[in-house]
Amino acid sequence: MTVLYVQSTQKSSGKTAFCATLAKLLGDQSKKSIVIKVNSSHDEFDLDSDIINLLLGQKSIKLPDPDNSKDYIKELSSTIKKLESEFDVIIVEGSNNMDIKDTTTLCDNLSAKIILIHGYDKDLKINDYSDLGKNIGEKLIGVLINKLPRYQVSTAEDSIVSDFKSIGINCIGVVPENRKLVGVSIDQLKEHIGGEYLIGQDFDKGLVENIVIGGTGLDSGEVTFSRRTNQAIVIRSDRPDIQMAALKNEISCLIVTDGLKIIEYVYYEAENQNIPIIGVEKSTIEVMDILSNISEISKFDALEKLDFSKIFFPENIDLELIFEKIGI
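The opening position of the sequence shown corresponds to residue 1 in the numbering used here, with each subsequent residue numbered one higher.
The hints are simulated quantities; they were obtained by calculation from the structure and are not laboratory data.
Note that the Cβ used here is the ideal one computed from N, Cα and C, for glycine as well.
Treat each hint with caution, since some may be false.
Under the rule of at most 25 Å between Cα atoms (straight-line distance), these lysine-lysine pairs were calculated in the DSS-like manner [said to hold, decoys possible]: (1) K310 - K11; (2) K24 - K59; (3) K74 - K139; (4) K205 - K24; (5) K139 - K325; (6) K180 - K165; (7) K32 - K310; (8) K24 - K147; (9) K139 - K165; (10) K248 - K147; (11) K165 - K125; (12) K62 - K32; (13) K122 - K81; (14) K310 - K24; (15) K81 - K62; (16) K180 - K299; (17) K180 - K122; (18) K74 - K59; (19) K248 - K180; (20) K31 - K82; (21) K24 - K81; (22) K70 - K24; (23) K180 - K310; (24) K139 - K82; (25) K62 - K82; (26) K248 - K31; (27) K325 - K165; (28) K81 - K325; (29) K299 - K62; (30) K299 - K11; (31) K310 - K205.
With beta-carbon atoms standing in for the labels, derived distance ranges [stated by the list, open to error]: (32) K74 - G259: 55 to 65 Å; (33) K11 - R150: 17 to 27 Å; (34) D131 - M1: 25 to 35 Å; (35) I100 - K32: 23 to 33 Å; (36) D121 - R227: 27 to 37 Å; (37) K101 - G259: 45 to 55 Å; (38) R227 - K74: 49 to 59 Å; (39) R150 - I100: 27 to 37 Å; (40) K32 - D241: 48 to 58 Å.
Produce the entire structure from the sequences given, and follow the hints as far as they go.
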């Protein structure tokens, strides 16, 4: 049995996506694994743990409460060790809220191998991590550079990869940013902009990967809206011509702004195409301003994302090295 501890250099680096994907890939190798998330704020902890359990179809593990434990790290280590006989690999998703001393003690107690996830940061100061490789030593398999802007992928070997190598940390992969992995559900989108369903609350809904404003280009609406997939189209409620053009394409949803009533034929067409319409009192400019940070609410919480990442991650990481280091 091997314990793999996955830690990140900052929050929202992609630990959950990596851990869940690795567990699925191990399953494809007929290896039994489980993902355990540790020590974060209780609301987020409970939600993220439920998401992981649902995505992977794994049982829920009751962990000690960090706020009501005399020796939390000792109790946590003991709880994890009790799972050794059940699994080939235990993947522990670390928390940025855990003290570095506690993290080190936990990894030592579990004799864990460690992978570091580094979410791209243009202000990276590599010297901030110079002690990391020295302190972890041979337990560190390497760093996975995640969410790298696509325009930097071709030069990564001579830049960020080289920076980590200069402080003794091996790079096990460079994963470019991808819209599907930061996509959001239509329900999340609705809540984020403070809208309401005008139609389609009960429709089957996929992910939203692109946000497009209707009526700003020189091309016809049908041409403009056919260029992207899984898109939410933002259109003023008094532009039925653009709304109808959008509905002739395979879009995820229609967002109508300014709070005016839309014509019945738009409702009819949306229902016929099973396309939800979200109404909002705010202006198009206000809605787009709110949506500028939509990726911040994205979570790895959909089977669609997991299915995609099982293909996408192995294309960009040294999976063979990881398996070798964890004894697979």
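Okay, the hints, checked on the actual structure:
Annotation: proposed proximity of K310 to K11 holds, straight-line Cα distance about 22 Å (limit 25 Å). Our distance criterion of 25 Å between C-alpha atoms is met by K24 and K59, whose separation comes to about 15 Å. The suggested pairing of K74 with K139 holds, with an alpha-carbon distance near 20 Å, which does not exceed 25 Å. At roughly 24 Å between alpha-carbon atoms, K205 and K24 fall within 25 Å of each other, so this suggested pair holds.
Among the hinted pairs, K139 with K325 is consistent with the structure: their alpha-carbon atoms are about 9 Å apart, no more than 25 Å. Simply put, K180 and K165 have alpha-carbon atoms about 30 Å apart, too far for the 25 Å limit, and the pair is violated. For a cut-off of 25 Å, the pair hint linking K32 to K310 stands: about 16 Å separates their Cα positions. The straight-line distance between the Cα atoms of K24 and K147 is roughly 20 Å, inside the 25 Å bound, and the hint therefore holds.
About 16 Å separates the Cα atoms of K139 and K165, which keeps this hinted pair within 25 Å; it holds. With a C-alpha separation of about 33 Å, the suggested pair K248 and K147 falls outside the 25 Å cut-off, and the hint is violated. Distance check on the hinted pair: K165 and K125 sit about 14 Å apart at the alpha-carbon level, within 25 Å; holds. At most 25 Å may separate the alpha-carbon atoms for a hinted pair to count; K62 and K32 meet this at roughly 19 Å.
Note on K122 and K81: the hinted pairing is violated, with a Cα-Cα distance of about 38 Å set against a maximum of 25 Å. Note on K310 and K24: the hinted pairing holds, with a Cα-Cα distance of about 7 Å set against a maximum of 25 Å. With a C-alpha separation of about 13 Å, the suggested pair K81 and K62 falls inside the 25 Å cut-off, and the hint holds. Restraint check for K180 and K299: satisfied, since their Cα atoms lie roughly 11 Å apart, inside the 25 Å limit.
Proposed proximity of K180 and K122 is supported: the alpha carbons are some 22 Å apart, at most 25 Å. Note on K74 and K59: the hinted pairing holds, with a Cα-Cα distance of about 22 Å set against a maximum of 25 Å. The suggested pairing of K248 with K180 holds, with an alpha-carbon distance near 22 Å, which does not exceed 25 Å. Between the alpha carbons of K31 and K82 the distance comes to roughly 18 Å, so the proposed pair stays at or under 25 Å and holds.
Note on K24 and K81: the hinted pairing holds, with a Cα-Cα distance of about 21 Å set against a maximum of 25 Å. Pair hint K70 plus K24 does not hold up; C-alpha atoms about 35 Å apart against a cutoff of 25 Å. Of the pairs offered as hints, the one joining K180 and K310 holds, with about 13 Å between alpha carbons and a cut-off of 25 Å not exceeded. With a CA separation close to 21 Å, the supplied pair K139 and K82 stays within the 25 Å bound.
Of the pairs offered as hints, the one joining K62 and K82 holds, with about 12 Å between alpha carbons and a cut-off of 25 Å not exceeded. Proximity of K248 to K31 is assessed by CA-CA distance (about 46 Å); at most 25 Å being required, the pair is judged violated. Under the criterion of a C-alpha separation no larger than 25 Å, the hint pairing K325 with K165 is consistent with the structure, at around 18 Å. Taking the CA atoms of K81 and K325, the gap is about 19 Å. The hint holds against a cut of 25 Å.
With a C-alpha separation of about 22 Å, the suggested pair K299 and K62 falls inside the 25 Å cut-off, and the hint holds. Of the supplied pair hints, the one linking K299 and K11 holds, its CA atoms being roughly 12 Å apart against a limit of 25 Å. The straight-line distance between the Cα atoms of K310 and K205 is roughly 22 Å, inside the 25 Å bound, and the hint therefore holds. Checked against the hint of 55 to 65 Å, the C-beta distance between K74 and G259 comes to roughly 57 Å, which is consistent with it.
Roughly 23 Å separates the CB atoms of K11 and R150, a value that falls within the hinted 17 to 27 Å. Taken as a hint, the range 25 to 35 Å holds for the pair D131 and M1, whose Cβ atoms sit roughly 30 Å apart. Checked against the hint of 23 to 33 Å, the pair I100 and K32 passes, with Cβ atoms roughly 31 Å apart. Between D121 and R227 the beta carbons are some 31 Å apart, a value that agrees with the proposed interval 27 to 37 Å.
A hinted range of 45 to 55 Å for the beta carbons of K101 and G259 is consistent with their spacing of about 54 Å. R227 and K74 have their C-beta atoms about 56 Å apart, which keeps the hinted 49 to 59 Å range intact. Against the hinted window of 27 to 37 Å, the Cβ-Cβ separation of R150 and I100 comes to about 33 Å, which satisfies the hint. At about 56 Å, the CB distance of K32 to D241 agrees with the hint of 48 to 58 Å.
When the structure is compared with the earlier hints, violations turn up for hints 6, 10, 13, 22 and 26 and for no others.
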